[in-house]
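Q: Here the protein sequences line up with chains A and B, keeping their order. Counting from 1, one number per residue, gives the positions in the first sequence under the numbering used here. Counting from 1, one number per residue, gives the positions in the second sequence under the numbering used here.
One or more of the hints may lead you astray.
Said to hold, decoys possible - Heads up, simulated EDC-like pairs for lysine to aspartate or glutamate below, C-alpha to C-alpha not over 20 Å straight-line:
#1 Lys159/A to Glu227/A
#2 Lys213/A to Asp387/B
#3 Lys459/B to Asp410/B
#4 Lys65/B to Glu192/B
#5 Lys322/A to Glu311/A
#6 Lys459/B to Glu262/B
#7 Lys213/A to Glu378/B
#8 Lys123/B to Glu154/B
#9 Lys213/A to Asp179/B
#10 Lys213/A to Glu262/B
#11 Lys322/A to Glu100/A
#12 Lys201/B to Glu189/B
#13 Lys238/A to Glu189/B
Honestly, the hints are just simulated from the structure, not real lab data.
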Amino acid sequence: MTPRSTRLVLGIAAPALALVAAFLITSLVLAFAGDPIGDVWAQILSLPSDRGYINIVNSATVYYLSAVAVAIGFRMNLFNIGVDGQYRVSAFAAAVVAGEGWLPGYLNTVLALLAAVLVGAMWAGIAGLLRVTRGVSEVISTIMLNAIATFLVAYLLRKVAVSDPGSNITSTKPVPEGSRVPGIHAFGETATIYGLLFLAVAVGIAYWFVINKTRFGFDLRATGQSETAAVASGINVKRMIVISMLLSGGVAGLVGMPLLFGNDYAYGSTFQSGLGFAGIAIALLGRNHPVGIALGALLFAFLDEQANPLEILLDVSPQIVKITQGVIVLTVVIAYEVVRRYGVRLEQRRVAGALHEEVAA
Amino acid sequence: MSTLTSPTAEPTESAAGHDVVVRLRDIGKTFPGVVANQDVNIDIRRGTVHAIVGENGAGKSTLMKILYGVQKPDSGTIEVNGEVISLSSPSDAIGAGIGMVFQHFMLADNLTVLENVVLGAEKLHGIGDGAREVIREISTAYGLDVDPDVLVEELGVGARQRVEILKVLYRGARIVILDEPTAVLVPQEVEELFGNLRELKAEGLAVIFISHKLDEVLSVADEVTVIRRGRTVDTLPAASVTSRQLAEMMVGSELPSPSTEESTVTERVVLEVRDLTLPAPQGRDLLSDIDLSIRAGEILGIAGVEGNGQSELVESIMGMRQPSSGVVTLDGRDISSLSTRERRDAGIGYIPEDRHRHGLLLDAPLWENRILGHQTREPNIAGPLIDRGGARRDTERIVAEFDVRTPGIDTTARALSGGNQQKLIVGREMAGDPVLLIASHPTRGVDVGAQSAIWGHIKRARRQGLAVLLISADLDELIGLSDTIRVLLRGRLGETFDPDTVTPQMLGSAMTGAAS
């Protein structure tokens, strides 16, 4: 096998191994709780309904953006745990801008998207600046910023909230009709696929291109692989840390946008939370690769969707898939390390073998 | 050479008497592409301080790692108290009564001495009054003067070292290895340490003392073993040898004839460093008032014992460290305020001393490593984009021209042997027409074949009119390649030597400050 195809096979072997292990461990939990293992898996692994497919694509879109935001940090060896806070601050800001409707139609949408990117970047940038000026670990500062984001948004939401008489939901002004992003119809269902799916695809392509094809991307990867070698090669590591936190936060800012412009049309107390943490798991599962992340996002969305009816059908809590998802993250980390070591040994043997032939020849 | 029965000879019954506590026989250890130890034979006796000396990279630390169970030898036997034992972990070594005090202390500052000592050895005497009592006993018996209840953060360096020694004794060690223990101490503390060591040997312990400060070795050791290129040269009683003789044995007498090539030194100064001072976070400056200049076609060799400012000098010239004062000029242009990348672009090729940490992305393929450090230059880039094709073609060229033995350029750098990794780096740094080549320990840890190839490349660079700054611990290499040699001692550039007339002994003395 050529080195490239070996790498490909090993790359696929690891997540496959991790998934099998995760399914086994989840089965153990089910057995321990006395739940019907076979029936649960039969439901989860059945074919989704047409409506189900649409839901899966929609929630995968949001997961994908979140995971790419995390992956940008990972490629730099930065652990941006703050995607959660970044997307909520950004979604709130974008909802306020869109709700005000300063510009007509889609110009308003574009303005709100820009605001989201900007606010997300700034929120993450705080952690980047703290890291390079004061040496504060971005893990700690982004966790703190998540907490601050929660309270800041709750506080500001009360200030700008419009109260709808007869409802106890607080939310921002709704996005004007003309600025909403229309969904894509599929399977003749009334539910639609988010129009901003294309935004997620574009972000994925841009991520792949910048990381793999540009000098900037090379510097970023080099810094992530070895900070000492990066310094010796002339990379300004501090600058790279700030820039990648800004980029990561900017993409994080987009996470809530498909929801805002395709579903909720306002930011309120019921806006979906926890997307940032799912992003960490999916980025790990997808190995920070744009296609791998897409598959990971689809898998997580699929598990979520398929677990929903468990409660009604089998009286099993759908939270069981959260266990599966959590275990996947653990097993995938182990599996990647096992496969990586195996790959290194394989390659050293191959190199030694090739040189041996040369000597013999 | 020795007045004793040489341990390399067949040990006789008398030499192998009951007082030999550690006997190493024919120890060999090979890493891919590097022979670290070969045919090492040492006897260490009860109640003595036994020093092991050798140049950097001579194989001292690998040998000690083998004795402490961190590395397994490929061949040979280790006998402790007459029994052949197999050590596969430090806990095996501790079980056999061998303890090691590392150069870098392993203490938790926010815990007390007692807590640090019992950490990991809770089962021996508990963690309370029993342990406190034992610590007091050991402290008194060996004159260590350690109070079990003070916080480690309140202790000075010397006291911390005594805590480390106490930790080892607490675990029952009868054979104590000290790795470069004086490197971190001031002279008074060194005297105190030597006092402690004499107490240890008076109590019948064996102390193994690793150092390259020869005068210190002679003042404390009973026996000295010299290691060169992974082999034991000889073991001598300290009383019968001078530091000059030891230096000679360390560097070897079979020096290659100094470079017979004609001088290519020109009048044009390429690199000039003036009044460069690099302060340390605390204590004396890492570099003080460095003045040096290198002309086109000249190789300036810097000799010095490791840790005297060599890495700092290189990193200051590369812009990786910020000196407090001084001017660096390259080809007449002041580059003092330029970034590392701008300096590289101005024409500096850089072979770093630690290729794994500074020279390579180990898990990236060779062609990506070709780009590293040259991200702003043809043929690696096309505008803001990476030129994959260009980089790959040029990597193929380097692999062919510099004889990098690899199955292909998609192989990761990690899979190559040290020598081939280094040849790739040399090829990369010679690309793009540099005017200055900085080569830091260019042949450290590479096999003999790669070594001579790299020497050839450095000589070729000199012929092409580059200025070369060569840092090396290998005196043969320095004398054989350099046009001028200067000695770096405690952050200051000292004497200038002519490689045609200098002997390794003269350099060795100047390096240790012994000759003055």
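Q: With reference to the structure, classify each hint as holding or not holding.
A: Against the structure, the hints come out as follows:
| no. | hint | in the structure |
| --- | --- | --- |
| 1 | Lys159/A to Glu227/A | violated, 45 Å |
| 2 | Lys213/A to Asp387/B | holds, 8 Å |
| 3 | Lys459/B to Asp410/B | violated, 30 Å |
| 4 | Lys65/B to Glu192/B | violated, 26 Å |
| 5 | Lys322/A to Glu311/A | holds, 14 Å |
| 6 | Lys459/B to Glu262/B | holds, 11 Å |
| 7 | Lys213/A to Glu378/B | holds, 15 Å |
| 8 | Lys123/B to Glu154/B | violated, 27 Å |
| 9 | Lys213/A to Asp179/B | violated, 47 Å |
| 10 | Lys213/A to Glu262/B | violated, 47 Å |
| 11 | Lys322/A to Glu100/A | violated, 38 Å |
| 12 | Lys201/B to Glu189/B | holds, 19 Å |
| 13 | Lys238/A to Glu189/B | violated, 39 Å |
In terms of the numbered hints stated before, the structure departs from hints 1, 3, 4, 8, 9, 10, 11, 13, listed from lowest to highest.
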